[in-house]
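Trainee: Here's the letter readout for the chains.
There are 2 protein chains.
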Amino acid sequence: MRKIAQSISRACAFSFGAILVASCASPSLSSPSVSEPLVTETRRDNMFTQTIASLREAVDKRRVAGVPVPIPADPGGGYTHEQHKQNGKTVYEAGMLYELTGEIEYLDFAADILADYADLYPTLDLHPEVKPSTPSRLFWQGLNEAVWLVYVSQGYAAIRDDLSDAQRSDIETNLLRPMADFLSEGSPQTFNRIHNHGTWAAAAVGMTGYTLDDRDLVDKALYGLDKSGDAGFLKQVEELFSPDGYYAEGPYYQRYALMPFILFAQAIDRNDPDMEIFNYRDQVLVKAITATIQQSYAGKFFPINDAIREKGLSTNELRYGVAIAYDLTGEPSLLSIALQQGSVVPTPEGRAVAEAIAAGEAGPFPFKTLQLRDGPQGDRGALVILRNGSADDDAAIVFKPTSQGLGHGHFDRLGLIYYDNGDEIVADYGAARFLNVAPKNGGRYLPENTSWAKQTVAHNTLVVDQRSQFGGDWRLAEERPSEVLAFDDTPGASFAAAQITGAYDGVDVRRVVAMVDRPGGGSYVIDIVLGESDGTHTYDLPVHFKGQLIETNLPFEYSTDLLVPMGDDDGYEHLWKTAETRVVPANAHSEVSILVRDQFYTLTLATTGEATAYLTRLGANDPDNNLRNEQAMIFRTQGKSTAFASVYERHGRYDNDEEVTVFSGSSIAQIDIHEREGIYIISVSPETTNPIMVFVAKESGESSSHVVRVGQKTYKWQGPVGLFASSGPSRNDKSGGELE
Amino acid sequence: MRKIAQSISRACAFSFGAILVASCASPSLSSPSVSEPLVTETRRDNMFTQTIASLREAVDKRRVAGVPVPIPADPGGGYTHEQHKQNGKTVYEAGMLYELTGEIEYLDFAADILADYADLYPTLDLHPEVKPSTPSRLFWQGLNEAVWLVYVSQGYAAIRDDLSDAQRSDIETNLLRPMADFLSEGSPQTFNRIHNHGTWAAAAVGMTGYTLDDRDLVDKALYGLDKSGDAGFLKQVEELFSPDGYYAEGPYYQRYALMPFILFAQAIDRNDPDMEIFNYRDQVLVKAITATIQQSYAGKFFPINDAIREKGLSTNELRYGVAIAYDLTGEPSLLSIALQQGSVVPTPEGRAVAEAIAAGEAGPFPFKTLQLRDGPQGDRGALVILRNGSADDDAAIVFKPTSQGLGHGHFDRLGLIYYDNGDEIVADYGAARFLNVAPKNGGRYLPENTSWAKQTVAHNTLVVDQRSQFGGDWRLAEERPSEVLAFDDTPGASFAAAQITGAYDGVDVRRVVAMVDRPGGGSYVIDIVLGESDGTHTYDLPVHFKGQLIETNLPFEYSTDLLVPMGDDDGYEHLWKTAETRVVPANAHSEVSILVRDQFYTLTLATTGEATAYLTRLGANDPDNNLRNEQAMIFRTQGKSTAFASVYERHGRYDNDEEVTVFSGSSIAQIDIHEREGIYIISVSPETTNPIMVFVAKESGESSSHVVRVGQKTYKWQGPVGLFASSGPSRNDKSGGELE
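Read top to bottom, the protein sequences are chains A and B.
Numbering-wise (the working numbering), the first sequence opens with residue 113 and increments by one.
Numbering-wise (the working numbering), the second sequence opens with residue 113 and increments by one.
If you are wondering where the hints come from, they were derived from the structure by calculation, not from laboratory data.
Every clue listed holds true.
Okay, the calculated bits of chain A under chain B, using three or more residues with CB under 8 Å as the criterion:
| hint | region |
| --- | --- |
| 1 | 412 to 423 |
| 2 | 550 to 557 |
| 3 | 658 to 664 |
| 4 | 676 to 690 |
| 5 | 737 to 748 |
| 6 | 770 to 779 |
A few chain A residues that don't get close to chain B, going by computed Cβ distances all over 10 Å:
| hint | residue |
| --- | --- |
| 7 | R168 |
| 8 | D231 |
| 9 | P234 |
| 10 | D384 |
| 11 | D601 |
| 12 | T613 |
| 13 | S815 |
| 14 | S816 |
| 15 | T826 |
Keep in mind that this is a model prediction, so the values were computed, not measured.
Backbone N, C-alpha and C fix where the C-beta goes; we use that ideal spot for every residue, glycine too.
So that you can see chain A by itself, here it is in the shape it has in the complex (with noise of 0.2 Å):
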């Protein structure tokens, strides 16, 4: 067990429990209290006050219990860490205060945590659990060293010029300037990166440059360490945003990364405002805040590559995020946003948020679907977003024919996730780690996120015999991004089309989604899964599905006394396989029907040639626990080229407020898959309706014409993918359309 300065580290609970429940104003979500309308009412109309309230509350209690500055020690979680993290934390919070409020109190409470720091690192070498590759003295990673001067750098601006001549040479000389040179000349192979470590670095020292005045420090962070451009904070926003603002990480770290450069940003709009910094690049700042927002369903953000799923929009980060567009927009929705984060930062654009909510200005914030691409010039790809609603909890689908997202990425290219209702229906695992828990590695990525969440059939793509795309190779993943092949946003007829090649030898893949009005309410989710080789090839669509199995019409046998593992490798090994099919026939049409939370979903799947399917649990070959325990499906065809058809559709209702059940099952009769000289032919029959044709065409040029005849029907249309549904044909269509 853990017990390293365990009676330092429980007093550390005991007074930060008191910290959060004062600073952490949003309520609970999961247990909705009689008082809650009463707390909305008076945040809508006085969050700031609020906010403030509550930070006062906080660190009045800080300044009475004292802070303590401990030797550094601990890695991620520990003790020392969650200090240093705090007091950082603690002297922003101070310095807004003062600035806020005038009160000598916090200017001095602030001052004295500084001079305590400005005694002890000029002592300090590097702490004794570094890690290497990112020299740091406070905490063991560079990483937390920049975040903490970003902090504090703003916390001693707001108190800069009313301490004495003496403290101000006392912090400077040996705290901020230290740390400051330690960041950036100290630690050139971080300082000079393109990747969101250098950005904080290059934002604690060029903020810290701007509050001691300090030109040499600011363009050093500029423009890198020799003021070149090559390295540098412009850099870092040419290369790390696309054009449409999305983050080649996705945005768990696009969360992360915002921080630096919006606060950083801001310092250079006040300091030097010819450099029009918000507009550089088309406003790709502001832009990079409302991709990350549309990275989300119901809050949380869409969990792809190296994502902890609890971060969502109510993160500090999206906090100030929200707070500076709004600055700089005044756009109205991002007001709702705000409200659904529950509080405001301490800052002055967190006061305009809160008084233009209780103004009553706030709108609905339009989520969307789009296509955020992916790359500095936005042609690695792109993370394509399907929404029936512009509500956070309408259907949506996210489907990432995107490039790698570094080292931090998932070999899950032509990923698929189906949100609804205000649920996951079809989910991605995200990362294995949980975060600064010190007894799970020590907060870190655990050896199960390599093993499990990176590959490949940890994901709602193709595997191919059983291994993880590019030979889960991430470098060489990296020169070979997704292709887009079409995208199309018409409501009610939404699809895309992308194509991996490059990920297994020899075989290409491509997959079509598209979200098509239902007969009778909701959207049908349309997935074409292609995989087309010369050669012989296992193809596995996992499915993993959230909820419990309620009816299926696969002839699954259940292990019901024995489990073995699904496989050796590649993320195999971690699945029990707890029931298999014998083989289904191919065109059978083949139905699974879960219920989640309080509606059901029918998957209605057919595929070209025979097929298996197993059912799994996540689990095996974990010896130390630190898998979750996820259910999946896996279909499983053989042959030279495959083709999976699958339909996700929402029906029915399980009420149990009002006793009320309604399960309905697949409303698709049929669905067929056919080829013919190049061309997939899908119709997709509803019961009560015409079919939905889906044409995927080899021909993948965009202004390509295909006309095909189908029965009586003859459709025409442009581009790779032809969707002909009910509701109309789809705006790709431009050329006339299915005709009699």
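Given chain A's structure and the hints, the job is docking chain B onto it.
Mentor: Here is chain B on its own, set in the frame of chain A:
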């Protein structure tokens, strides 16, 4: 796949969808949308207006669409079943709307539906899927028929005076009177049975009697078919509730049973006010309503016995219950429950609730530490609830030394559930059933309800020799209620003790559960389980925990490549054994820490004998995939007697918005268990405060005096349990307590 009457069913599903959206006013809890504050405010101002508007919209839609009155064909959850259920409610709702608005179309609508039923009913023989023990015609079981008549008789009462003589005669002669006769004289085994089915039948017949001014029907309903009083409603009130308002089957069925009790009681109160029905048995019906509320956590009922876990305070039955209880008592705390329910019932009582809420009269509902005595005389054990605060998400322990709870009872005598922070920490499986979900065994109890959910190992209570209590025979179990030995509700040092004899031949089982203030905040849950016998037995203590196991010092070895079940029967056959320890020495200090949402919990445990610990996953021998996948740990000892002493505590925080993680681990330095002269002495030693001492005497007399000397201290107490916490002596320590 279920294809019965599919096209009709689907049409029904869609219109249902619209209806439910309209009639189910409570907003989704899982995804707080930005518009929630506004909705909440509107609701608070005019919940009743909103209820009526929603009802009008829903009923109007049905009126326009037309109401099918199909030939009965389907069992529970099927189309005809749900349609008839819906129609009964429609008659009721149209009647209420007519009463409130005087608009003639609602009268006509209700009358038309009733006329259709008056045509249909005389043509019906028994239902084709009838459950032979409960004859019925519209539905597969008589219970649904009685519920239907309860609704319909109220709807009919609202329109009766304004119908033509011919209409009245048709409806009464062909439908209401024959149905009332069928449910009384035609179903004596149900009607005279002291059971919730009997209550529904009595209510249906009695309420119809009042409406038709038929004293004969009323008297049969009140006093039984022979009017002797040996059966009927009054007898039901006497037999089915304890003096504290506890219902032997538990809160899930209590909720359901409440409805006919309170609706019929209302009718009695209006028509026979001299009976003072609501004062009957010291106002037991009102007590039953508040007792039902007390048996909930964060809005959901304790899922003891055969319970559907989704049911809670927002269920329709509780909405009526709260409105009627408020009408009777004017108790402002009930208004906060109504606020939480999100809507009010369309009755004068519902209107009064809405008006009082709008007038700002709601007060918090005081959730309490209490025991709800079981049995008509209150002498058949009790359900004990310990809480560390009055909010609905403060920590709570449910301790179950009750009677069996009839056929829906589980073999979980002395079972325990632990809630905290709005979450289940140590949980009960509830029933293995998907209510009304047709593909799951017609929505009825699943075979696994018997083979798993009712078995002792499915609960958090001692299992002797891997067998269920009373050999799994509920009638035998019904003869031997638990015995409550002590109960003390002192805040900060509350506890209860109880024992069972006869559940296992030659083995007595005692359990003491205490909730004691924890230094630094929160509570320790102290749990002492004693098994005593002259022969040698195996003692298993299962802990069905939630969340993710984070850290333990138990030497678990995980089964990484092969899983087999824990046993062959009594529920063990459903448990995959995922990990097992080598033998842990007697009195070892074992710790297990878990993460549940954003909080850490640690269980610290000691046993008097050597122990082995297991981790399990539910799902073995489940050929139809009927079980949810849940985890548990099982502590096993062997010998003549055994003692398990466990302490649960919450600590630290896992805050992903602020990115703060604090994991402190157990704050218990040591747990000691000794036995001396028939007294178990358990000392629980926190690291920073004096030990908490628990004494459990074999002598169970309430007034027996005990004196024990431990080290330098002498402890004196009365009764079978003495508890000495640093926060002061407990209330039962009347004679001096801890002495130096």
